[in-house]
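**Q** Going down the list, the sequences are from chains P and X. Terminal number for the first sequence in the working numbering: 342, no gaps in between. Terminal number for the second sequence in the working numbering: 324, no gaps in between.
Honestly, the hints are just simulated from the structure, not real lab data. Cβ coordinates follow ideal geometry from the N, Cα and C atoms, glycine included.
In silico DSBU-like pairs for lysine-lysine, Cα to Cα no more than 35 Å straight-line:
#, chain 1, residue 1, chain 2, residue 2
1, X, Lys68, P, Lys232
2, P, Lys252, X, Lys85
3, X, Lys209, P, Lys233
4, X, Lys68, X, Lys21
Here are the in silico distance ranges between beta carbons for each label pair:
#, chain 1, residue 1, chain 2, residue 2, range
5, P, Leu248, X, Arg74, 22 to 32 Å
6, P, Phe19, X, Pro146, 44 to 54 Å
7, X, His124, P, Pro261, 36 to 46 Å
8, P, Lys232, X, Glu224, 27 to 37 Å
9, P, Val205, X, Pro60, 33 to 43 Å
10, X, Arg65, P, Trp163, 43 to 53 Å
11, X, Lys85, P, Val142, 37 to 47 Å
12, X, Arg74, P, Val136, 40 to 50 Å
13, X, Ala153, P, Thr191, 38 to 48 Å
14, X, Glu131, P, Pro245, 13 to 23 Å
Derived coverage of chain X by chain P (criterion: at least 3 residues anywhere in the stretch with Cβ under 8 Å from a Cβ of chain P; other residues may be distant):
#, segment
15, 102–108
16, 116–125
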Amino acid sequence: MGILRFLAKRLLFSVFVLFGLSILIFLISRVLPGDPVRMALGPRAPEWAVQNLREQMHLDKPLPVQYYYWLVGALHGDLGQSLFTRRAVIDDIKEFLPATMELALFAGVIMAIFGILFGAIAGRYNNTWVDNVVRVFSYIGVVTPSFVFAILFLLLFGYLLGWFPTAGRLSPWVPRPPVITGMVTVDALLTGNWGALGDALWHMVLPAVALALGGMAQEARITRATISDNLKKDYIASAKGFGVPERLVMLKYLLKPSLIPTVSILGLDFASLLGNAFLVELIFNWPGFSRYGINAMLRKDLNAIAAVVMVLGVVFVTVNIIVDLVVAWLDPRIRLGAERGK
Amino acid sequence: MGGALLAIRDLFVEFKVYEGKLKVLNGVFLSVREGQRVGLVGEAGCGKTTTMKCVLRILPSPPGRITKGEILFRGEDILRMPPRKVQRIRGRGISMIFQDPTAALNPVFTIGDQLMTVIRYGSHDSLTRREVRQRAIKALAEVQLPDPERIMASYPIQLSGGMRQRVCIAMALATEPELLIADEPTTNLDVTIQDQVLRLLNELVVRRKTSVIFITHSLGVVREMADWVYVMYAGNIIEGGPKGDLFREPLHPYTRGLMRAVPKLTGGGIAEGIPGRIPDYLDPPPGCRFHPRCEHAMPRCSQKNPPFRPVREGHEVACFLYQE
Ligand SMILES: Nc1ncnc2c1ncn2[C@@H]1O[C@H](COP(=O)(O)OP(=O)(O)OP(=O)(O)O)[C@@H](O)[C@H]1O
Ligand code: SF4
Ligand SMILES: [Mg+2]
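Only chain X is shown next, with the shape it has when bound in the complex (with noise of 0.2 Å):
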């Protein structure tokens, strides 16, 4: 994987809370190449963002700790990077789309003071304030916002989700990132915009050749929008491959439940197919996360978590079925 643009590899995360510390992150394995779209699915819970918000080093810390892991950006690791050196890599390098607009939205700025702020300090060049603030309008006629002038000068709350989500689609493009992560942009729309705006985001990413993370709850948006498709279980990436092969024959026990549970080319929820539910992450399951709801647990599936390991041709599980 030398050739990589994003590789996280081992990333272990905590939250101290009032009760305890909470072992998120449990070794995380994930990359991206060149102009690949890769697709993070997993429920609720399971560290998705948890996971990239550590790759811009915005993880909220407190309560949040990375105690284990690196994340290297064509090959630096940005976990060590001096602050100045990550601070170039955010916006130009990776920039990101938040779950919830509404709560990636300053409620007490203007969409053009954010946006312009993005802008002058998120992208490659220096520029003057009229070429900011033209580039802003650029960025939000590109994601077909009618009057770009006056969403400039309105307040998050005087627009719709939808016009929301598109804002904060516009701020991530409009600094040109190498990497674009989405994380899941569309949960907190209205169904009916929903693959109006994932429609506009695939077709912007495809037409800048941009790198891309798209994160899902939903089978049928990685189907439509990735190339590459990673599953993950609580703070693991337990399977990895190239769409195709992985949803022709997916090999780890939960990622054959998950597709058991969602009818073919269809979206919807993940594991109703599968008895239990995400473990406690204050006294997670020893070994293998899954142990407890999987079907072919072994007495060393409790013992030690299974290593992320090719089963073939870039085709990744961690699974003790796979390995002697």
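Chain P on its own, in the form it takes in the complex (with noise of 0.2 Å):
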């Protein structure tokens, strides 16, 4: 019950902030310098086609009601047209989206398994070389960015060594699988395409983890910090004391604690690796989503700037959702402080 409640609660104040966002993003695609109906058609298009389609997108409306059509059809699953595609937008997310979730998740999983490992170990066996290792690259793991990593890659593992493909997401002579979630490892897992599958991971290798070294290390350096701050906790000394094995005390009894304030800030690192997947995805030619917000708001394409903010929030708010659902799992202070309705 006390979950229940718990999520019901979340899922509120989320809908108040996805509102929120959708009038920020509203306001300063509006207010943003040129305008984007001229700036679709080209200087030469007569000014009558101009009015037009400004009149066709309610653009020549005051800003309350343009923002009140864009809501309500927004609530419908309609996001507006594109001013250069003049397709639905949200045919075009559709499109994009998939591939840079895929990335995405793919880092995000990379990130936490690896940070969470790397960051235990070294925390277990603090002091020691193994730490130290695993603080100086952590270290510079935090200090790079991403792009870095991804050119170093390119060069090192794609044209030096020749180990990963360099660009996209299958071999040419792999046939894609058909669409079913637009991202190709899950469809090729549920068509049982394994030759697609290996492909495909192959190639998301190096993007993906270039994506993830930045939050994978601090997750590395909070787990760290966290498990060596915690093994000389009593509780540690008490259960080890009453003779419960030493592989439980470290796995269960230490593990668990340990892990709340790295998974808190999951949520968090999972958004910034969505802000780095533009550079990551364009020097790995990744047919992403990055890409198509990016040319949206230089052609100040105001519909798919809209949509590209809001399905970004979407996911960040579903992530954070699921993130506070597990530290909520792992610490029943916040789960109790939530039943109580605190």
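Once you've looked at the hints, go ahead and assemble the two chains, each given alone in its own frame, into the complex.
**A** Structural data, given as structure tokens:
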């Protein structure tokens, strides 16, 4: 019961966040300099055509009315038309979002698993050489932007050593599995196409690792600090002192309380991962959402901008709800606080 | 001291900290015979908890390090045992109630989970899940906790300080240890329930004839609950003996100061009556660590640490006043 109320509360809160975000992005996109319709049609289009398109897109109406039209559409799953492709923005998103989500999710999983793993090992054996190695690498990871890793990996493992492909999601000779979710790996998995799955994963390794390293280093640092701190806690000494086997103490009684701070910031790290995806996608020629988003900004494609931001907002909010649920599961203090309605 | 259940001999411990090495334990001697209730008194920071953590080999390391000494349990040295053997002593041989019950309970697991894990791994017998659960409930009932079923499902934050300490006592006794170490089990509790908890604990160990080490700041508690008393100062056991003898005729100048400072038969803090304070472990005074505060200090007191020697039947002291 407690967890359902907790979830309901978080969902309600998220709706407010998304609503606020929609107003904000709507206003920002409209006050950017330049006439979007003129930009879309080009300098030589006749004035009546510009006027027509403007009316068609309600751009001649006052801002609140425009927002109203947009919101009603959005609630029905219609995010309007792109000024450039003249397609429904939602179709563009369906085309580009899965590629980015696939990359980001894969990177997110690498980030969480290896960040926690390395951090836990370094914390458990703190002040040994393992710890020092992890600390040096995580320091480098935190201060280096992901596009630098992307370029380095591309040059080293892509061109120089040739271990991994340098562009795209699939090799040209591998037929794309039928589109179900739009994520190549998932579609390959669902249709049992192991060849395509392997090839897709092989393509994803470099960009995903480049993208994951920053967050991974961050997770490793936090996990290391918590583990080495909690290792000195009385509850660990006490469990050991009662004859509970070392391995059980470490993997259960030390790990669970130590994961709380790490998991709490996973959501934020995932958000910055989506942000960093843009340059990494460019470098690896990954046909993703980020490039679509930046083009929308440059061309002042109003509906596309709003849609991109809203979709990222929904992803961010969803990831954070999941993170909150995991934290509540890990930490009864939060769960019980929520139950008491605090 | 051949027949001792536990014998700590010449134990040295250091802590490595940023500023350097804290030379905390400085040759500790202490022994417990079967069925004996030993009181260990000493002011804050003198090394009581550190000594006991060494006994269970749970001293956090780093920063702690045992540099010398032996700890014999039934004649075998715990410090030199393979880990598997140490594990068999923990729980069923020796168990410990920690000073601060809030710190000693894992905040993210239920009491039931923690207590049942302790029973499963710490007790002598191999038990089924149901038996483990029954024993856990029985253990909670024994420390007079109401509604044990509900407590099993609770997390530590849902309990009061007194209840948490009862849970810790239940855990420590659930494995039916031969030796129980009770590390100031009541200092973190409300004054009103301190007495209750102590009395309960005393009753339980007396009934089971468990050997016990009671650690405390309070001479009053020692008087009530112990048969044998050790006094600790700055990393050394400086005096030890049968309770009656020790209270009647304390030998070490520090012990005598304590007795003067504390009105007879009442509890209360330690060392208000002795000028000066516990020395710095980074750079402890050479020789007898008490010499800067001792009114009887002689030249050799600052050169050599006085050995811990019997002066008469069972009554031992570490002071040059009693040695040629
Ligand atoms: N983990 C640690 N790191 C550094 N120093 C420590 C650590 N644990 C103990 N010490 C040092 O060892 C000394 C003795 O500590 P210990 O906890 O054994 O004292 P105690 O006699 O149990 O005191 P109290 O009555 O306050 O519980 C302290 O003064 C402290 O400086
Ligand atoms: S050894 Fe010397 S300094 Fe230490 S207590 Fe005895 S008389 Fe005092
Ligand atoms: Mg202590």
